[in-house]
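Chemist: Chain order of the listed sequences is A and B.
Quick note: the first sequence uses the working numbering, first residue 1, plus one each step.
Quick note: the second sequence uses the working numbering, first residue 1, plus one each step.
For the record, the hints were derived by calculation from the structure and aren't laboratory data.
There could be a bad hint or two in this list.
[As the list claims (entries may be wrong)] Residues from chain B shown here face chain A by an in silico Cβ test under 7 Å; the list is partial:
1) P390
2) L392
3) G458
4) R495
5) S500
6) N510
7) A513
No residue lacks a Cβ here, since even glycine has one placed at the ideal position from N, Cα and C.
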Amino acid sequence: MSPADNPNHTAGQIAGQSEGLRADDVVVKFGGLTALDGVSVHAPPGRITGLIGPNGAGKTTLFNVCSGLQVPAAGKVTLDGEDLARHSPSRRAREGLGRTFQRLELFGTMTVRENVEFGVEARWLSWDPISQLGLRSSGRARRREIRHAADEVLHATGLEPLADRVVGSLSTGQGRLVELARAMARNPRILLLDEPSSGLDPAESRDFGRQLRELVASRGIGILMVEHDMSLVLDICDWIFVLDFGKPLMAGTAGEVRNSPDVQAAYLGKEAA
Amino acid sequence: MSDYLPFIVLGITTGSIYALAAMGLVVTYTTSGVFNFAHGAVAMVSAYAYYTLTVDWGLAPELAVFLVVLGLGPLVGVIVDRGLFRRLQGAGSAAYVVVSIGLLVALQGLVIIMYGPTSKPVPPIFPQKVVDLGAVNVGYDQIAITTIAAGLGLGLALFFKRTQTGLDMRAVVDDPQLAELTGANASRTTTLAWMLGSSFASLAGVLLAPTLGADALVLILLVVQAFGAAALGRLVSLPIAYAGAIGLGVLGQLSIKWVSEYASGQTWLSGLPQSLPFIALFTVLIVSKKGSFKELTKSVQARSSSQTLAPGSRRFPAIVLTVIVGVGLVIPSLATDSRTTTATTAMAMLIMFSSLSLLLGLSRQISLCHAVFVALGATTLGHLQADGVPFLPALLMAGLVVVPIAGLLAIPAIRLSGLFLALATFGFGVLFQNLLYNTSWVFGTSGQVAVERPTLFGNLLDGTNEFYFFVLAIAVASVVTVELVRATRLGRLLRATADSNVAVETLGINTTAARTVVFCVSGFFAAIAGGLLSSQVTTVGTSSYSFFQSLIWVAVLVAAGSATLGGAALATTMLVAIPAFFTDADVINYQTMFFGIGAILLAQAPNGLVGLVTNLPNTRLWGRMADDGPARAGAHATRRRQRLAPTSATPTSVPATGATR
Ligand SMILES: Nc1ncnc2c1ncn2[C@@H]1O[C@H](COP(=O)(O)OP(=O)(O)OP(=O)(O)O)[C@@H](O)[C@H]1O
Ligand SMILES: [Mg+2]
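Chain B on its own, in the form it takes in the complex:
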């Protein structure tokens, strides 16, 4: 038993930090209905601020913690609430997801611009002493963190039960407009919740910093572990989130011990400890009873469905395709070898973006794990080649291997709407990376897989131009297929499903098949893209396709335009061409930040930048991405509206209720 004690103590400590983060998430989610994917980024920014205050400015750690947690945290909360989410009111849940992803990406970019990519050590907050409890030594910091989390958890519980503000917050959850009418200022209450939630994230970030250093990616990844704990409580229960976080923390530490003792040979298990929260997240989302995850996103204000997507964008984009092919054909004769290499990457990325746009733009389902498909396509291609399978069959098989995995994600895609699907794919992406990337059927322990160039008619395509044309041909074929899906009846069905799933269902169409197929098709082409990308550089490594890539891709595509081929082409250009022309290392970081900002600004636009340009004459912002059925938030929202509607439906009056949009 005493062997286990140190692990348990450590588990409770880390669990307490996740608990703080998870409770922050729950507070903001329940009060504002917005799930903040950037919660971890708030923690990360706070850790860096703590670094600046202590190391650069020389403030005492206690004072720095105070300033960050009670100053910066709430400030970020106010900005995020008033500046970012408030203006989305009435938008569909997908817009909220995109904005918070954009924020996460932008903040990560910003922090790396300001502090560089390497981790910064920060001074400890608590005295570095231990208390000898006989069986185990417990650090002062561990005691302090556990006490703080437990105290704040209890405080929050009392706050929600006993204080007027707390009760108001719960009233806001229940019914924002009613709360407004009955005197609670819903808007102020929501902001307060954001300040509270955000300062909990800050606290988590600051408490993690001394052991981990201020490190952009690591902190984000750690704080998102809180998602799992929050999901256990369906994002709305504080006690379950707290208990879940502690439980997952302890289980995580224990599993470190178990894995090192009993299964050190199993490489894939080494990722188990960090994966537990994501296993919890993904499992809870896919096994919970249908409808038990209700979106709170306020679609109360009827959606402004003044969409302005040009009807032409639904036809087969012959002109854009011709331009792409035309430009594609002349590039090698005009450009230098290194530019042609860039163009090759671009063509492969075009396949990736076009596959992603099937989900994001057409069926408006957010996939936050596209990097997994791409990585898996690349590594499978490499493995098959190693077994002697020729390139083209191997590439095709790589695509097909991904199909059932993408199909697995169709389960949440069918069961869950906007936000929760995004969360499930996010959890899946991180899980896959942690648990399976270093297994031999993905990257292997070396984290690297060799991929060969194709051989056609006995010639190895090792020349830049030859390979370029090869990729161009596949890219055109892939893009044409994707566009055919978009332009045909399946495409129309998916668009209809995105507009209103219940309407489609109540017309007699079961949308399960369509939703499954679109995930499979999208995954297939993402894998093809991965194969081509890796074959170009003849290798593929773990670091190229971390979960964060998926988020960046979503941000870029939304900013560029997710509904048309033109958008995919612009996204490709922005992502691939800019760093090729501006080789300064900082460009990439600025790029990331601007993609994030772009996604935030254009989340509500019908088709990103491309949409803005093609619709310049009649610009009106479009308020609705993927939306939800009446059985879920719809009924909720209807109810809210109805209770508030003038109840003048006396037997003689004319139309009474406010069922207006």
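Pulled out of the complex, with its shape left as it was, chain A reads as follows:
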């Protein structure tokens, strides 16, 4: 299932030129529980890839493996062909992998703008400790640039009215947007979104889907998205991976997933349980 198999939203720009994020045969065990058992996903640039599955299927765990927070027992994660196994989470981020969290990870004591600016500023950090400590002086021009970039992101995400609110005082839905904005501000090539629409109402959710599409179309980034809102997933994802109890169940287009009896069974079975 290369991106070429899946022509509908890729618009042909960057897709195909670079590989994007690929996880192959990932295995993760927590004690006796096998949370992931040989799972592979592929998130190329220029495409929104869905990752769905019932609660506890291992979606968040897979995200943690991709971003380096969880060491897999087996399997391989590559970004544009480069093996990430020995790369720390921060290095992966510097190489272009961004993410948000299902359980929000915000800078709660800072304002929305500061959160976003933090993301913007991180673009210029390299591996060396001096820059990591934020000690390297940044000139006035750089600061203006940071402000400007943050303004843009705030505008694009519709967060302008909240810019000066302390993040800790926001609602979950707003918090999710801030996380997205912060991750976007970093200019990732591949963005992992863990349940970005939960906390939004159906109308907001549709709006949000549109924003994501625009984002992908305008910047050519790749998105891998875990989402429980099936209508949103089926609406915007070009390709969908389905997990069940840590095992790959199927992968295909929205139409294929919608009509798959296996998927129906996994979800309905889960509900009956």
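Given chain A, work out where chain B with the ligands should sit, using these hints.
Modeler: The following block gives chain B with the ligands in isolation, referenced to the frame of chain A:
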């Protein structure tokens, strides 16, 4: 071999007592997720209660033991659980640490108020007879204690494996909310665990009392030895905690013998026996595989991140600084000499508190060994002066000597989150005190180092006012540096790290450097403070900077406000000025108790008393101090929530899961 037998017997006996304490810790920790630093204080209170019941009231020892262990112990457990920790639900682990430290400090203060500082002898519990086993004489008490510990250990193991309540407790560990749903009453079970754990602590305290007397500090220090044994079992394994305690007990006694036989010349080794548990604690924490210590603290209930720290508190505190300098400049002209002396101490303490607030308030990493930095700064200054180094270079070097030692603590600071970092620093503090304080490069065998006043431009600053201005100048320079750290990008990075370390990491920033630097800077200024404090009184002694001081400082600073310079200033005032104005000896003890209570009450406030006052208009309690990443408790908590979330994510439904905060 027979030489060793008495030591082994003694080792097994003391080990058994630690085993009781350690198992109590494990029971409460695994069931409630709260590590109780005040475990030793519960033991101590029980020992005093035993004293009161037997000596004051004349009850028979057996009856007294019964009342204390089965009455007072569980009662304390209930109070601690329901009164102190329950209301923290959803707070970060740092708040839990602070509350239990506050409790420890408060109980110690209370006991000294009630019973005085000297040790109270208590009657023996068991008949004072020995059994002659040929090679060795074994006391009845030794047999009894060993049997009791082994029996209770076995009992606990069976209880957890076989009884419904025991199984419920384990279910609660696994998943409190799930346990609730499946019928086990998690809340009641947790309380039960607290009663159980607390009565084990009581028993340990009562069993130690006849040999040691009821003694506030000694008992606390001994019972915290159980921390090491518990850490060997990662705080969750009963059998390892038991075996570890016995092992450490025996090893401790054997090392007493070895040290006295082979190394009696090595003064630093004399502290080895009591240090073993802390060596175990510190080593286990810093060498264990990353992530093997998982915090169980229930951040299940999403943190109420309604923080109310005024945004202004993140700017450079020009006004507070001006006030401090202004007041500082006029004090000598208004105050008597003795008041100016107090003010000098205060200025030096301000440096200390401000260095501590970098950790506690900014990066929200709890350091429980700040006294080590201060002591080391003071003694190094003294040693360098003795070698002829002039004051200012010597002071600077004293600060720099502490930097790598503080940097050593950055290892656990990077690897471990909230609770475990606090434990590691605690272990380090006690270890350093036991093992290194009496070596010649710290206090030496006399426990005392002379420190001279500085000489500036050929004048010895021996006058009260001259020295005061000297300290004031250094204090202002130090505080400005600390505030610059807070107000600049490094400060913002540290604050972001405290809010969410994983978010910082996944934005591409490696936080190792920042976490190391903040420990080093903090240690440096603590050492400077130590140098100035000791130079004022021209001497420094072991007793001024025991591990307990570190705990009191943390309690005071949290109560006053750890996030701003104003908080550090208030902490200084509360700690230094109050005893200066109220010279009654009891004031100090009351002070200690109130600091403890203050820390308990304000652990969740964003910036202690100062925060409450500056935020009066919009007071809402803030539920989150340092928190943890999703790779650890976060994932755990997420999982808990997810399993409970309505699983209605059918292919047609709209947002389903309860990923709400
Ligand atoms: N740190 C951990 N320790 C132990 N088990 C874990 C841990 N993290 C996740 N698990 C388990 O791994 C399995 C997969 O969890 P994961 O969070 O990846 O599922 P998910 O697909 O994201 O579910 P949801 O849709 O509810 O978010 C679950 O059974 C969970 O209980
Ligand atoms: Mg998930």
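Chemist: If you test the structure against every hint from before, which numbers come out violated?
Modeler: 1, 2 and 3
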